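Student: Chain A is already provided as a structure; the job is to place chain B on it using the hints.
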Amino acid sequence: GQQVMQIPQYQHVQEGEDFTTYCNSSTTLSNIQWYKQRPGGHPVFLIQLVKSGEVKKQKRLTFQFGEAKKNSSLHITATQTTDVGTYFCAGFRIQGAQKLVFGQGTRLTINP
Amino acid sequence: NAGVTQTPKFQVLKTGQSMTLQCAQDMNHEYMSWYRQDPGMGLRLIHYSVGAGITDQGEVPNGYNVSRSTTEDFPLRLLSAAPSQTSVYFCASRRGFSYEQYFGPGTRLTVT
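The listed protein sequences derive, respectively, from chains A and B. Mapping to the numbering used here: the first sequence position 52 is 52, numbers consecutive. Mapping to the numbering used here: the second sequence position 13 is 13, numbers consecutive.
To be clear, the hints were calculated from the coordinates, so they are not data collected in a lab. It should be emphasised that the depicted structure is a prediction, and the values quoted were computed from it without experimental measurement. One should not assume that every hint holds.
Only pairs whose alpha carbons sit at most 25 Å apart, straight line, appear in this in silico DMTMM-like list of lysine to aspartate or glutamate [to be verified]:
| # | chain 1 | residue 1 | chain 2 | residue 2 |
| --- | --- | --- | --- | --- |
| 1 | A | Lys36 | A | Glu15 |
| 2 | B | Lys9 | B | Glu59 |
| 3 | A | Lys36 | B | Asp26 |
| 4 | A | Lys99 | B | Glu59 |
| 5 | A | Lys36 | B | Asp38 |
| 6 | A | Lys70 | B | Glu59 |
| 7 | A | Lys70 | A | Glu15 |
| 8 | B | Lys9 | B | Glu72 |
| 9 | A | Lys99 | B | Glu100 |
| 10 | A | Lys99 | B | Glu72 |
| 11 | A | Lys57 | A | Glu15 |
| 12 | A | Lys36 | B | Glu30 |
| 13 | A | Lys57 | B | Asp56 |
| 14 | A | Lys51 | B | Glu100 |
| 15 | A | Lys56 | A | Glu17 |
| 16 | A | Lys99 | B | Asp38 |
| 17 | A | Lys56 | A | Glu15 |
| 18 | A | Lys70 | B | Glu100 |
| 19 | A | Lys57 | A | Glu17 |
| 20 | A | Lys36 | B | Glu100 |
| 21 | A | Lys99 | B | Glu30 |
| 22 | A | Lys59 | B | Glu100 |
| 23 | A | Lys36 | B | Glu59 |
| 24 | A | Lys56 | A | Glu67 |
| 25 | A | Lys57 | A | Asp18 |
| 26 | A | Lys99 | B | Asp73 |
| 27 | A | Lys51 | A | Glu67 |
| 28 | A | Lys56 | B | Glu100 |
| 29 | A | Lys99 | B | Asp56 |
| 30 | A | Lys99 | B | Asp26 |
| 31 | A | Lys57 | A | Asp83 |
Stretches of chain A that chain B covers, calculated by requiring three or more beta carbons in the stretch to come under 8 Å of a beta carbon on chain B [as the list claims (entries may be wrong)]:
| # | region |
| --- | --- |
| 32 | 22-35 |
| 33 | 45-57 |
| 34 | 102-110 |
Glycine is no exception: its CB is placed at the ideal position from the N, C-alpha and C atoms.
Just chain B, same shape as in the assembly:
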């Protein structure tokens, strides 16, 4: 199994540009989440999904959209990038409610 994969690994955007961070898992996990990691802030939940077709907001959802059309994929869309969205983004998945969570390798995003 590849586990949780994320693309791209690095990305530089200009303010106002849009882009999609890709996330896929091959473990047939129901739960998927997106986190951002900033120095001193830990991992903050952006959006999450408990199954295909079901998404909900986390702690910091503004400026981001998600969809879950398949069990495997959970893309994160930045609608109009802002410098405050400069961060490392992690996608994660888990089998169910209180199971261990598996993280992807992360995407380092810089918005200038």
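Isolated chain A (complex conformation):
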């Protein structure tokens, strides 16, 4: 079954509100990537986290990798309509590391 779980599946916010999606793996990950897919589009790479406890920022987006390298989160501050889309985490397991396994994604919709 799905070994990378992502919650929530859907999130609807008012423009300006914050948004967070969480990613949990049943096994330790060597690193984790985040992707964004706009409606009707294809996934586009956002960032990769490698180190335990790592935090990276891209403007209003903050990405964290857990200390045990089994979970990660993406937080968007003050959402804008351009943030609409589905956000996916994807992990490389330590065993079978060539496979990049995706979570189910969190679909973000925004009320302007």
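Tutor: Then chain B, alone, in the frame of chain A:
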């Protein structure tokens, strides 16, 4: 660079028919993968390749075949289409193990 290209964009098949989804990349990437995307299921890995002549199964390989005779091309074959294979199929490539992954525009397949 064209990046990752996929053909066709749309396809309708009858149950039992076979077809090949084409994927090509011009970035000289070693790793290529096929994913299917279904509502609520995220992106599930079908097959992947870590170089020409080398392929392996992903999470949902049944009913699909792949081959990798060149670095550039990674076709996905549906042997005998079933309605359960109705999905959006994405091909992706990346330079190496923990590099960012580039996705093609997708093929929307309907099996009736």
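Student: Starting from the hint list further up, note which numbers the structure goes against and sort them upward.
Tutor: Of the numbered hints, 7, 13 do not hold.
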